[in-house]
Amino acid sequence: MAMIEQLTQLKEEVIEKITATENIKQLNEVRVAYLGKKGPITDLLKGMGKLPVEERPKMGALVNEVRAEVQHIHDVRKATLEEQAIQEQLEKEAIDVTLPGRPVKVANAHPLTRVIEEIEDLFISMGYEVAEGPEVEKDYYNFEALNLPKGHPARDMQDTFYISEEILMRTHTSPVQARTMEKKQGASFKIICPGKVFRRDNDDATHSHQFTQIEGLVVGENIRMSDLKGTLDIFAKKMFGEDREIRLRPSFFPFTEPSVEMDISCFKCGGEGCNVCKHTGWIEILGAGMVHPNVLSMAGYDPKKVSGFAFGMGPERIAMLKYGVDDIRHFYTNDVRFLSQFHRTEE
Amino acid sequence: MLVSLKWLSQYVDLQGLEAEDLAEKITRSGIEVEGVHHLSKGIKKIMVGQIKEIKKHPDSDHLNICQVDFGEDELSQIVCGAPNVAEGQKIVAVRPNGYVGGKKIKKGKLRGEVSNGMICSLQELGIEGKVVPKKYADGIYVLPEETPVGMDAIKALGLDDVILELGLTPNRSDAMSMLGVAYEVAAILSEEIKLPETAHEESAQKAEEVLKVRVEAKDVNPMYTAKVVKNVKIGESPLWLQQRLMAAGVRPLNNVVDITNYILMEYGQPLHAFDYDALGTGEIVVRLAKEGEPIKTLDGQDRVLNAKNLVITNGKEPVAVAGVMGGYDSEVTDKTTTVVIESAYFDGLTVRYTAKDLGLRSEASARYEKGVDPNRVIPAAERAAQLLAEIAGGEVLSGAVVFDELDKTPAKVVVSPDFVNSRLGMKISLNEMVTILTRLKFDVETANGLLYIDAPTRRQDIKIEEDIVEEIARLYGYDEIPATVPVGESKAGGLNAYQAKRRLIHHQLQGSGLYQALTYSLTSDELSQKYALETAPTTRLLMPMSEERSTLRQSILPHLIESVTYNVSRQQDSVALYEIGSVFLGETEEGLPREESHLAAVMTGNWLNNAWQGEHKKVDFFVLKGILESLFAKLDLTTRITYETAVVDGLHPGRTANILLDGKRIGFLGQLHPAEQKANGLKETYVMELNLEEIIAASIEPLVYVPVPRFPSISRDIALIVDRTTKAADLEATIRNAGGKLLKEVNVFDLYEGEKMELGKKSVAFTLTYFTPERTLTDEEVVAAHDKVVAALTESGAELR
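Note that the protein sequences, when read in sequence, are chains A and B.
Read in our numbering, the first sequence has 200 at position 200, and its numbers run on one by one without any break.
To convert a position in the second sequence, counted from 1, into our numbering, add 347.
Hint data in this document are derived by calculation from the structure and do not stem from the laboratory.
Keep in mind it's a predicted model, so treat the numbers as computed, not measured.
It is possible that some hints are incorrect.
Derived DSSO-like pairs: lysine-lysine, alpha-carbon spacing no greater than 27 Å straight-line [what the hints assert, rightly or not]:
1) B:K450 - A:K278
2) B:K451 - A:K150
3) B:K848 - A:K105
4) B:K972 - A:K305
5) B:K372 - A:K278
Put together the whole structure using the sequences plus the hints.
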């Protein structure tokens, strides 16, 4: 009987020890100490040889029963302690999720590029190609081929940086039109020409000796002024909003006849009158017209058979209107506090 | 062009029209009205008075106390500080509680003396100083004696007028005259036009008896007429004439000059008045100037002429620069009694170049340049004679001295209505077209369904069918044009391969954290070649506005660095910018500079900046290089790009590399030289510039899928001790050469140059990855390959660590 008592005592002792453990390490120590090969329960089993043969099975079963019970209690305790350990780890690992994220450096395009790409893409979707040309031009392409012979009074409209009598800094992107027509050799085409241009101006809030332009040109059979109007209407609505209206006013450019300027209904006030439209309800956006027959024939087209329209605008002006920029010099100062404002997208 | 509506209404009926509405109509149909100025704006209660008595102010040495009669029971006391105030003058005064310039004038005291209002100068009444007659420029304005006391001075001064400011395009020279504007307005309003009276009496003596005219330069002066007027009394012009001129922005001088200016404004035909006696020869000869010939113009300047300038001479020496400015010695003065009025047609280009040569742009030259109406040369001269007789009491000699070989026939244009409609995309009837052209006072006949048009000579801009299309369209109204899109064959639009790749590069760089900058192409001579990739002649402007913007850049970097400095000096310590743009090198066969597209970038400050985690990574050489490497990877250039140590002026000699594409130098990257950094107010700053065209032109291999590995790869590390100057790229090349086809990747994973290393040595460690897609490699295979690598390295002088 001593053995049974011993077993019961042992059982209580182990259970007490297991229950008292505070972590897996302690529990492991208890497990090794009591349930291990050198532990007292094993010893008890080894000591069974001293028992009478008829008691041995009973006693063996009893020991195994105790062993199983202890093992179960150990397992339950282990699960509890493990759960506790995970909880502790999670608590320790908790972070302040309101702290700022790790910055990912992504910059953006210059606002003028943004405007130009938007216009390019719009016209590309209407079947236009993008044409480019040199910033330093021949007088011929910048003026003469555009119906502006030497001494023409309209040359005063564009104060020019000359490099020599025949070479100059282009004053508009129109020479690209003249070059393209020459190259296309009588074929019909649609192009949009973005680029840098130069005028003899002192830099101030509204003038810049260097600025950008984007021009369009369509040449083909039976191109009509109504096609120009329809094209500009699509442009105005895509660029400035679906409810924009356009109006054409007569104007003069030596390379177009008739020539017009296009106004759009004010996108800020919708035509009611405000600061943006100077209380007129309309904002001047671009110049346009039907390609002058002299320009066509100088490039080898027969103006009796072929006609065309052209239009041109200033991305600076569009960016200033669209984003409310108040000084043209911002576009060439490259202040990151300015450039970075054009990061996000718009509706 | 400033258009007084009072003046305009002499020729066309404007009754019942608001100025703003008229302005809108004019703008919508052809000429932009840039401003509508009500002259009486901000003015209230101004009255004509007469100064009855003047007393010195007891407390001031320049103020006077005036007793002014306004036709009221009592005289009104007004203190006046003008130097020209005098008893008996008819003056304009603001009455108490009246307004000038939008400011209220109250009854008050000036140094203790009561002042009931203010006696006004013309400037105070809103008239620009530069058009105020000289006599009244520094004082109060004095009205003619006959002006009634107590009259509303707004009326007396003609301030009950509205001025339209027209923004004229160069083609509409016809609208540089009141009559031209009248024709335009009459066409818009469908009104008739009333021409000015030119009839006058002439004496029995013929002009030809006292004056001879000979034109030598007939091709540039096809018409010259002169009228002679005797016994002219020089004096102030009548008020109405002065008001007209001031409203048009011209300063009244004396009656003769005022009349010529008035007619210039009315007809657009420049006139010049000579003092007949000062001419001295009774002869006018028009010829080209001799090279270096001098003339003193009436502004008192001595000028030197060249052989392309057209001059009026008295047969001996120049007395006027034709169409530009009169001569000083033949000018009309107070003593003049006989006047020669010149009305001529000078060649526009000749006048334009002469005005440019002399730096003299005048109202006259502006009109000749753009073309005057050949049919107004005579009427303008007659109108001048009429006014000289009427206003200056002159005796007009009969007839005119005329040289005339000028073609005055109108331009003839034949247009089919179908052409007009096909150009516009409209359906305007023949009758509507005729009506519009008739409103414009074009002579129109129709036959065989065509329009036969004689364009009036005042409209020098009408020459071809398209001009008629525009006339019809603008008066029919552009609002009536429908909105269509071009029909016919349609092709897919798009960017070409170059443009598409350039956009990709933009987006890649922006995605790498560099902002796109735009700087000027024009720079100083000094900066133009700094950091240039190659040596080439520079391109300089003929007449730069400043040295800073005189020469075309050959490198983008100088201005881009300036932009970075701009940011850094405004507390933006971390800046990363790039620019894509043209540089200008030498000259092509066409005579233009060769424009080459470059990419440049500048970075300074922190690259990574995460304050609360305490992570700051300063920009260094390898940050910029890494950005370029991912760009080159994007363009499939990784294996074709190499780097070599380089020396570039302005860059740190130990931290600069050339970038080579297929062994050819296309650019560089490196740190700015510490001296340059200091000069630009910058800390450690890294820059690069390369020829964009080269990397865009490099072809890209088609993208073909490589099977994802099914077998594992095996890695081996190798640490080497080498000379400090040994290049990692050279070691890598040795490894790759020796590694055979099983060696797939070679990566540097450690670099040590510290104290534990022997002087002049460094340790470089590589990870070598062996792989074959066919099977799992055996140890033996890897060992064999790796041994070869080790042997090759050892042979090259590297020591295994």
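Hints the structure violates: just list their numbers, smallest first. 2, 4
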